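K.L.:
Listed here are the chains, written in short residue letters.
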Amino acid sequence: MQAAAPQAPRSRDTDATAARRLEVARALAELLPPDCLLRLEEELRPYECDGLAAYRQQPLLVALPRTESQVCAVLRACHRLGVPLVARGAGTGLSGGALPHAAGVLLSLARLDRILAIDPVARTARVQPGVRNLAVSEAAAPFELYYAPDPSSQLACTIGGNVAENSGGVHCLKYGLTVHNVLAVRGCTVEGEIIELGGGALDAPGLDLLAITLGSEGLLLVVTEVLLKLIPKPERAQVVMASFDEVGRAGDGVTAIIAAGIIPAGLEMMDRQATAAVEPFVKAGYDLSAAAILLAESDGTADEVAEEVVALESVLRAAGARAISVSHSEAERLRFWSGRKNAFPAAGRLSPDYYCMDGTIPRKALGAVLRAIEAMEQKYGLKCLNVFHAGDGNLHPLILFDANREGQWERAEHFGSEILELCVSLGGTVTGEHGVGVEKLNSMCVQFSAAECAAFFAVKAAFDPPGLLNPGKAIPTLARCAEYGRQHIRRGELPHPELPRF
Amino acid sequence: MEPALAQLRTAVMEAHHARRPLRLCGAGTKDFYGESCEGAPLDLTGYRGVLEYEPSELVLTARCGTPLSEIETLLTAERQFLAFEPPPLGGDPTIGGVIAAGLSGPRRSHAGAARDFVLGAVLLGVDGGVLHFGGKVMKNVAGFDVSRLLCGSLGVLGPILEVSLKVMPLPREEQTLRFELSETAALAAFNRWAGQPLPVSATAWWNGVATLRLSGAPSALRAARTQLGGEPLEPAAAAAWWRELRSQRHALFGPVPSLWRLSLPSSTAPLALEGARLIEWGGALRWYASELPASEVRRIATAAGGTALHWRGGTAGSRFHPLRAPVLTIHRRLKERFDPHGIFNLNRLVAGL
Numbered sequence: 001m002q003a004a005a006p007q008a009p010r011s012r013d014t015d016a017t018a019a020r021r022l023e024v025a026r027a028l029a030e031l032l033p034p035d036c037l038l039r040l041e042e043e044l045r046p047y048e049c050d051g052l053a054a055y056r057q058q059p060l061l062v063a064l065p066r067t068e069s070q071v072c073a074v075l076r077a078c079h080r081l082g083v084p085l086v087a088r089g090a091g092t093g094l095s096g097g098a099l100p101h102a103a104g105v106l107l108s109l110a111r112l113d114r115i116l117a118i119d120p121v122a123r124t125a126r127v128q129p130g131v132r133n134l135a136v137s138e139a140a141a142p143f144e145l146y147y148a149p150d151p152s153s154q155l156a157c158t159i160g161g162n163v164a165e166n167s168g169g170v171h172c173l174k175y176g177l178t179v180h181n182v183l184a185v186r187g188c189t190v191e192g193e194i195i196e197l198g199g200g201a202l203d204a205p206g207l208d209l210l211a212i213t214l215g216s217e218g219l220l221l222v223v224t225e226v227l228l229k230l231i232p233k234p235e236r237a238q239v240v241m242a243s244f245d246e247v248g249r250a251g252d253g254v255t256a257i258i259a260a261g262i263i264p265a266g267l268e269m270m271d272r273q274a275t276a277a278v279e280p281f282v283k284a285g286y287d288l289s290a291a292a293i294l295l296a297e298s299d300g301t302a303d304e305v306a307e308e309v310v311a312l313e314s315v316l317r318a319a320g321a322r323a324i325s326v327s328h329s330e331a332e333r334l335r336f337w338s339g340r341k342n343a344f345p346a347a348g349r350l351s352p353d354y355y356c357m358d359g360t361i362p363r364k365a366l367g368a369v370l371r372a373i374e375a376m377e378q379k380y381g382l383k384c385l386n387v388f389h390a391g392d393g394n395l396h397p398l399i400l401f402d403a404n405r406e407g408q409w410e411r412a413e414h415f416g417s418e419i420l421e422l423c424v425s426l427g428g429t430v431t432g433e434h435g436v437g438v439e440k441l442n443s444m445c446v447q448f449s450a451a452e453c454a455a456f457f458a459v460k461a462a463f464d465p466p467g468l469l470n471p472g473k474a475i476p477t478l479a480r481c482a483e484y485g486r487q488h489i490r491r492g493e494l495p496h497p498e499l500p501r502f
Numbered sequence: 503m504e505p506a507l508a509q510l511r512t513a514v515m516e517a518h519h520a521r522r523p524l525r526l527c528g529a530g531t532k533d534f535y536g537e538s539c540e541g542a543p544l545d546l547t548g549y550r551g552v553l554e555y556e557p558s559e560l561v562l563t564a565r566c567g568t569p570l571s572e573i574e575t576l577l578t579a580e581r582q583f584l585a586f587e588p589p590p591l592g593g594d595p596t597i598g599g600v601i602a603a604g605l606s607g608p609r610r611s612h613a614g615a616a617r618d619f620v621l622g623a624v625l626l627g628v629d630g631g632v633l634h635f636g637g638k639v640m641k642n643v644a645g646f647d648v649s650r651l652l653c654g655s656l657g658v659l660g661p662i663l664e665v666s667l668k669v670m671p672l673p674r675e676e677q678t679l680r681f682e683l684s685e686t687a688a689l690a691a692f693n694r695w696a697g698q699p700l701p702v703s704a705t706a707w708w709n710g711v712a713t714l715r716l717s718g719a720p721s722a723l724r725a726a727r728t729q730l731g732g733e734p735l736e737p738a739a740a741a742a743w744w745r746e747l748r749s750q751r752h753a754l755f756g757p758v759p760s761l762w763r764l765s766l767p768s769s770t771a772p773l774a775l776e777g778a779r780l781i782e783w784g785g786a787l788r789w790y791a792s793e794l795p796a797s798e799v800r801r802i803a804t805a806a807g808g809t810a811l812h813w814r815g816g817t818a819g820s821r822f823h824p825l826r827a828p829v830l831t832i833h834r835r836l837k838e839r840f841d842p843h844g845i846f847n848l849n850r851l852v853a854g855l
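So the sequence lines, in the order shown, correspond to chains A and B.
Reminder that position 267 of the first sequence reads as 267 in the working numbering, one-by-one numbering, no gaps.
To get the working numbering, take the position in the second sequence, counting from 1, and add 502.
Source of the hints: derived by calculation from the structure; they are not laboratory data.
Since the model is a prediction, treat every value here as computed from it, not as a measurement.
All residues carry an ideal CB built from backbone N, CA and C; glycine is no exception.
Check the hints yourself; a few may be wrong.
[Claimed, not checked] What follows is a list of derived Cβ distance ranges for each label pair:
| hint | chain 1 | residue 1 | chain 2 | residue 2 | range |
| --- | --- | --- | --- | --- | --- |
| 1 | A | D15 | B | S820 | 48 to 58 Å |
| 2 | A | R486 | B | R826 | 38 to 48 Å |
| 3 | B | S820 | A | A117 | 52 to 62 Å |
Based on the provided sequences and hints, a complete structural model is requested.
P.N.:
The structure is reproduced here in structure tokens:
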């Protein structure tokens with residue numbers, strides 16, 4: 001993950017902080033066993049950041065409850081004392097969503113890690129929030145079922161975190177995001193009351209509070225249990241890999257696949273800088289002379305896959321693919337994917353630090369955005385690798401920088417913001433799957449008007465009237481947007497008139 | 503600003519200031535749906551038209567008053583469709599009404615619900631604000647997912663002015679198979695099939711006959727048919743049968759005095775409920791023509807881990823399954839924040855809100 005940047009503010013205890021810590025610790029000590037409460041500086045340090053290590057903050061205390069009733073008790077105490085509370089899963093998030101609050105409790109849900117039930121007939125898994133994403137599919141495997149969303153951190157990231165971020169993965173074009181694969185959430189309100197949203201059935205009366213909870217970044221409630229949808233494992237999967245001489249043409253290849261009525265299980269793209277970075281590392285067999293490569297996965301029954309692979313090959317060839325190879329064994333399929341899945345660590349090998357962006361754009365703008373990013377590399381004097389969930393139009397430019405060199409982190413941040421503003425101006429969004437957290441608060445001011453942000457705060461207040469759950473994240477205040485000074489981009493008024501319109 | 507929109511804004515702002523309730527109206531095909539609702543009608547059909555549709559982006563954006571038929575004609579020409587199969591109930595609904603009601607057709611259990619295909623929405627706020635949520639891209643986690651909250655909101659948070667929907671390619675081929683099965687055997691088969699890598703796209707059971715629809719690549723359909731057996735239905739007859747079911751012209755939806763819609767976990771065993779029944783969504787949706795008291799139907803549904811909606815008939819009590827206290831509290835607070843004077847579809851989703 002991204003390494004530390006220099007501007008890390010460390011909280012130094014004042015007398016007031018120490019007194020408050022003592023007061024809250026006393027209250028929580030009555031509710032939790034001694035090993036469920038951390039208060040010493042060296043115990044708190046591992047919790048001071050998540051996957052976005054450029055932002056660090058020590059919490060007042062860390063609570064590690066083991067049961068739902070302990071979670072509710074902590075919430076009730078925080079509510080009574082007016083203490084902010086930040087929930088945390090595995091801490092793999094990339095937007096600082098689990099960054100602690102200086103005056104708050106960091107509530108780790110890592111110990112609520114039990115798979116409560118797998119129902120192979122109803123095809124559901126009932127799990128606690130600290131269960132790792134991959135552990136669900138492993139537990140469902142004996143029934144030939146799996147849990148579809150597969151964020152690249154799936155080995156470590158937790159279901160609670162996936163709910164908070166509405167996580168995606170490489171297969172969401174066909175199988176959907178977390179919101180499409182969660183049937184119910186049970187959680188604890190800010191008042192410490194149990195609330196159940198959704199259920200084992202396919203719809204529930206009233207407003208769809210389940211949908212708005214998914215991706216709410218811990219601002220609305222604390223999740224204590226999740227009912228997940230499991231789906232049958234496809235009989236077979238194969239990957240078609242195509243090389244292109246020009247990134248725009250690879251983008252056209254993506255469009256051509258969709259236009260042909262094919263929804264591949266995964267559709268990913270890497271530019272030359274990205275393949276060059278990963279190839280020495282994983283030896284995936286990528287065509288290093290290609291300007292970009294596309295990976296398209298087909299899954300389903302054996303006959304269906306055979307048919308779709310032929311169709312994919314012919315569409316890609318017609319779109320101008322220079323070379324095409326098809327995986328002929330499971331080992332080869334995994335090798336094709338290995339480079340894509342290792343793009344982040346490869347960036348970490350190339351450069352002391354990297355900054356991962358997460359904008360989404362209409363697919364047709366892929367080529368133009370890549371060319372614009374190339375120009376920005378010159379402007380900011382930093383290199384950028386590009387990997388995309390191309391089927392979803394979700395970009396992950398990885399900006400390389402060295403935090404120890406004066407001014408590079410600031411340049412990387414500005415580079416990133418300019419990419420995101422370009423995404424918004426093209427009708428896209430500043431975050432496709434990593435969340436806003438603290439990282440993209442400024443960019444939110446560009447995407448949403450003051451009235452829209454006010455509506456988000458209205459939703460927050462309906463769930464959390466005192467505003468204690470993960471305060472200061474996800475939605476920018478009016479004051480912050482005014483300070484940032486960049487205007488909300490109104491649809492249809494492009495701030496980059498030099499770019500071709502689509 | 504466009505005159506049709508300016509007119510709507512003025513009407514809403516005036517109603518808000520005068521604290522005069524409004525009843526949001528589309529084509530009126532679902533006037534029967536929801537709790538009774540009073541107020542001056544606000545006609546949304548004038549704000550219409552498809553704003554953007556690019557087949558290769560899989561996204562269509564339309565104004566609320568656009569007739570569903572217009573959208574479906576456009577999509578069909580590009581071999582695409584709305585995969586949640588919105589049920590047109592006795593007429594041609596507007597797309598705003600389709601999303602505000604949030605109802606889905608036979609394909610729901612396998613393709614997803616209306617809300618799963620909502621990518622973005624524009625809301626007209628009480629103060630005349632035109633608020634954009636979500637967007638026109640497949641993946642978007644910026645801000646709370648208000649556009650999905652609006653899906654199924656029955657207008658209680660305000661009129662949906664515009665929606666962006668994910669559209670899907672039409673399946674290359676479809677095949678419908680029939681099986682003579684008891685209710686118990688059909689429920690077991692539906693759940694078993696859904697757990698296997700089969701191209702199932704819809705299931706239904708009625709009167710001793712289970713109907714199964716497969717959608718996908720011709721080779722996958724051939725393989726599935728060999729595996730499953732069953733009696734194939736002619737394509738034209740099959741298409742007509744599913745269309746009837748989707749638009750609720752099936753016999754059960756005829757003039758029965760009281761019709762219940764039960765939403766249950768799909769694996770729930772046959773319920774101890776008297777009356778004619780129709781099962782959809784692999785067992786997760788069960789329609790009952792039952793004249794039992796509402797409290798009894800609700801008790802049975804709740805005990806099975808589901809809920810019961812009084813779809814038609816009956817007079818007393820609420821149509822929707824009651825909300826539990828913490829959920830109701832959040833509904834009340836949302837309504838207070840979005841519509842403090844209660845002018846939008848008062849009572850339509852929840853009594854008193």
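K.L.:
Now look at each hint and say whether the structure bears it out.
P.N.:
Right, here's what the structure says about each hint:
1. A/D15 / B/S820: 48 to 58 Å: Distance hint for A/D15, B/S820 holds at roughly 56 Å.
2. A/R486 / B/R826: 38 to 48 Å: 43 Å, holds
3. B/S820 / A/A117: 52 to 62 Å: The hinted range 52 to 62 Å is violated for B/S820 and A/A117, with Cβ atoms some 32 Å apart.
The structure does not agree with numbered hint 3 stated previously, though it agrees with all others.
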